[in-house]
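Colleague: As given, the protein sequences belong to chains R and S, one line each in that order. Note that numbering that gives the first Met the number 0 has the first sequence beginning at 0, numbered continuously upward. Note that numbering that gives the first Met the number 0 has the second sequence beginning at 0, numbered continuously upward.
Be careful, since some hints might not be right.
Lysine-lysine pairs mimicking DSBU-like chemistry, simulated, CA-CA at most 35 angstroms apart [claimed, not checked]: (1) 372/R x 417/R; (2) 44/R x 225/S; (3) 417/R x 320/S; (4) 204/R x 78/R; (5) 225/S x 129/R; (6) 225/S x 272/R; (7) 308/R x 325/R; (8) 496/R x 320/S; (9) 485/R x 320/S; (10) 225/S x 248/R; (11) 225/S x 398/R.
Which residues of chain S face chain R? A few of them, derived with a C-beta cut under 8 angstroms, are [what the hints assert, rightly or not]: (12) 135; (13) 210; (14) 211; (15) 215; (16) 333.
Because the hints were derived from the structure by calculation, they are not lab data. Since the structure is predicted, the reported quantities are computational estimates derived from the model, not experimental observations. We treat Cβ as the ideally placed atom computed from N, Cα and C, and that holds for glycine.
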Amino acid sequence: MTKRQCSRWAACVAAVSLLLAACSGGGGGDNQSQSTQGTGADQFKGVDVTVLTFTGPQIAEPLQRRAPDFNQRTGANIKVVTVPFADLYDKILTDLATGTNSYDAFVFDPQWMGDFVPPGYLEDITDRVKADQAMKWDDIAPFFRDFSASYKGRTYTIPLDGDFQMVYYRSDVLQRDGLKPPATWDDYLAIAKRYNGKDLNDDGKADYGSCIAKKRAAQSYWMSWSVAGSYLQAEGTSQGAFFDVNTMKPLVNNQAFATALDVYKQTTNYAPKDELNLDVGDTRGLFTSGRCALSADWGDIGTLAIDPKTSTVKDKVGTVIMPGSKKVLDRASGQLVDCDATRCPHAIDGVNHAPFAAFGGWSGAINAAVDQKVKDAAYAFMSFMSAPEQSNVDVTLGKTGFNPYRTSQFEDTDLWVKAGMSKEGADNYLGAIRESLQSPNMILDLRVPKSAQYQGVVLDTAVAQFLAGELTRDQAIQQIEQGWEKITDEEGRDDQKAAYTDSLNIQR
Amino acid sequence: MDAARVAGGRGRPVAAGEAARARSQASLGASFAVRAAFIWPALLAILFVSIYPLLASLYISLSHLKLVRGGFEFRFVGLDNFRELLVGGEQGNFLGVLGPLGPVGWAVMAAGVALLGWGLVRAWRGGASVAGMVFRVLGAVLAAGTLWLAARTLLAAGGRPGTAMVTLVYVLVGITAQFLLGLGLAYLLTQGLPGQRLFRVVFLLPMMITPVGVAYMFRMLTDTGKGPLQPLWAAVGLSDFSWVNSPWGARVAVMVGDIWQWTPFMFIILLAALEAQDTDTVEAGMVDGANRWQIFRHISLPAILPVCATVVLIRLIEAFKIIDLPNILTNGGPGTATESLSLHAYFRWRTLDLGQSAAVAYSLLFIVTVAALAYVNLVRRRIAEE
């Protein structure tokens with residue numbers, strides 16, 4: 000070897016050893032930090048908790064904002080990692096399934112528990128929740144405790160957000176013309192038609208009758224089921240609105256779903272031209288800038304509408320339970336039949352309402368595979384975020400994306416008046432929330448293995464193609480039915496049926 | 000290498016015979032070992048990062064993923080995923096919906112088939128080998144199949160292109176426009192106009208922006224209702240029109256964004272080629288009284304043709320992978336109108352339908368390979384030979 004080669008080798012060896020030293024140094028630091036213990040303000044000193052959620056600003060904002068406060072109280076370092084919503088499901092699942100475990104806790108869609116809980120990825124927190132006084136578990140509305148947070152009777156998540164869809168209307172405009180808020184989808188279409196093309200915010204430009212997020216691969220498939228819900232389900236939550244609980248046959252190839260698809264498509268006639276490319280961010284912006292007479296959405300519009308920075312419709316927004324139908328599906332014949340006392344036991348004034356708990360509310364869960372100390376700190380953080388001291392403030396702020404889910408939040412109007420709502424507006428908003436949440440006919444979102452494929456791919460694609468005119472209504476129905484049956488058969492019909500009935504067997 | 004040289008050197012002075020042969024074999028062995036020691040790390044790295052994923056994804060494309068307690072399992076399902084794409088429930092999404100051929104479709108088909116047949120006859124008369132002819136016939140059959148699919152999905156009433164055809168449209172239209180624009184801009188900048196240096200940088204800017212940024216920018220620009228160009232759209236009477244509601248409007252928006260972003264790549268390489276050409280021939284042409292067009296057509300263009308062929312090949316391979324623009328602009332909508340093959344695979348992968356996703360990805364690999372091979376054989380080799 001020449002001298003020059005010698006020195007090259009030496010340089011290489013030095014570089015490699017430096018690299019190794021750097022790597023092992025990092026690892027050593029972690030070990031050291033995790034072994035430090037303490038109590039109170041030092042309780043989790045040096046413990047790092049990586050929380051994965053979606054790129055907000057909603058949902059991530061309150062977590063990031065309150066992390067330093069939590070750090071001062073307990074010493075734990077909360078690092079919030081965000082990914083786009085569309086990537087969250089597979090990001091979590093691949094991380095857990097491959098044993099990478101780069102994340103210690105998740106704030107996610109509890110609907111996915113059907114995929115996450117059976118393989119044992121999530122920590123069972125039933126006992127922790129029972130022992131936790133500060134979080135005031137009993138204050139959380141029963142629907143969220145029993146459905147959102149639980150799987151087969153065990154608790155796996157802590158609710159941070161209450162999710163179900165409602166309809167928003169311009170109360171000033173409807174009042175002026177002596178109109179009632181929509182009770183049925185026919186009413187909805189009539190109101191949308193009446194105001195489409197009229198100037199609703201005095202800027203001299205024509206505005207829209209209805210704004211619904213219909214963008215593909217966004218929220219459109221939930222919206223479609225919010226419309227379909229009241230045609231499909233009448234006998235209460237446990238009847239199910241996605242599959243026949245006896246055969247696991249999809250409830251799509253029938254007159255009820257066909258009618259719902261027609262209604263959903265008709266709303267597009269009274270909407271912005273590019274509605275097929277709007278997600279909820281866009282429709283919320285349009286509604287709060289006074290450009291829409293009606294919108295269907297989660298609870299967010301209520302709080303966004305009182306934000307003086309962005310809203311021009313403060314105190315001009317009414318909220319109402321999802322419109323319903325006077326005809327419901329007869330499951331034996333597949334036809335729509337008139338409501339009566341036996342068919343629609345929960346009808347209000349002869350109208351069957353079925354508010355859809357779409358998504359189910361952002362919830363915190365803990366990775367079962369991480370160190371005990373990290374689990375403790377992660378649990379403490381989720382509990383802290385959900386405790387009334389924090390969450391009763393967060394749910395009144397539009398930017399958090401958190402909607403009410405605790406009884407104290409429905410009952411205490413003062414919270415909302417303090418946040419900027421008028422007393423009347425708060426009563427109206429909380430009234431619609433209470434009416435939806437207390438409806439025994441609430442629709443549980445689909446929570447079986449591969450729910451993301453059923454809804455996010457098959458349903459979403461068919462609905463998008465139907466709206467864009469690529470498929471006729473009947474073709475769309477067939478495509479959904481075949482796609483769903485294929486997934487059910489691949490996963491095992493009996494397994495899927497068991498998971499579906501498990502998710503519906505809730506004592507409320 | 001040093002060790003090999005030393006070992007070889009020692010063997011040389013020894014006289015011929017058994018011992019010498021044995022020793023020379025030993026030295027060959029030693030030299031082989033040394034070579035292997037140097038080559039294997041690189042080979043292993045390639046095997047690990049390139050070959051293994053390729054084989055693993057091939058296996059995934061033949062299987063179905065199921066989550067089970069403690070992890071996941073792959074169940075082998077044979078060619079089910081591919082069957083699903085070609086003749087099953089995914090056919091409408093992948094290949095498209097086939098409509099009946101109209102007069103235009105028949106005319107295009109007839110012209111295409113005649114052209115392919117003529118090419119084959121010419122090759123046979125030109126003395127192509129039997130193996131060469133077999134490949135040519137295979138290529139012609141694939142080309143005719145593609146043409147048939149294009150005619151039945153793009154030109155037929157009631158037809159609708161699937162992700163494979165939409166991707167092909169993106170590639171063909173995009174590359175043609177990028178090449179012509181890039182060549183035009185590069186030619187302009189060799190004409191000694193004022194501000195050349197500035198424009199050289201300005202023309203390059205789109206390539207520096209991340210594709211996601213470009214996609215968001217075009218989403219704002221194409222928004223006729225509230226985007227920054229709204230007054231412009233209103234002035235030309237398009238304020239009530241939405242690009243993204245019409246399938247071709249949305250596809251055009253995607254293609255315009257892609258062309259805007261990638262023309263600079265063509266531009267910079269063609270500019271380098273134009274600037275590097277031999278000035279003597281150009282000057283000789285000028286002395287002989289050739290005009291600008293004649294100089295460009297007969298001197299500059301032939302000089303840069305090999306570079307043109309290469310840069311088109313690079314873009315060809317790259318363009319098939321388009322995903323950012325349709326994903327951000329429309330999420331593949333309206334319906335599935337703007338969905339490319341990569342986006343198709345991504346949508347399946349996102350819900351952990353890994354088998355289907357890998358099958359789409361493998362189909363893409365097949366299409367890219369065939370397209371690139373055909374291009375190399377038909378165009379590039381010919382230009383290089385000239």
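Colleague: Let me make sure I understand: some of the numbered hints might not hold for this structure. Which ones are they, in numerical order?
Modeller: 1, 2, 3, 4, 5, 7, 8, 10, 12, 13, 14 and 15
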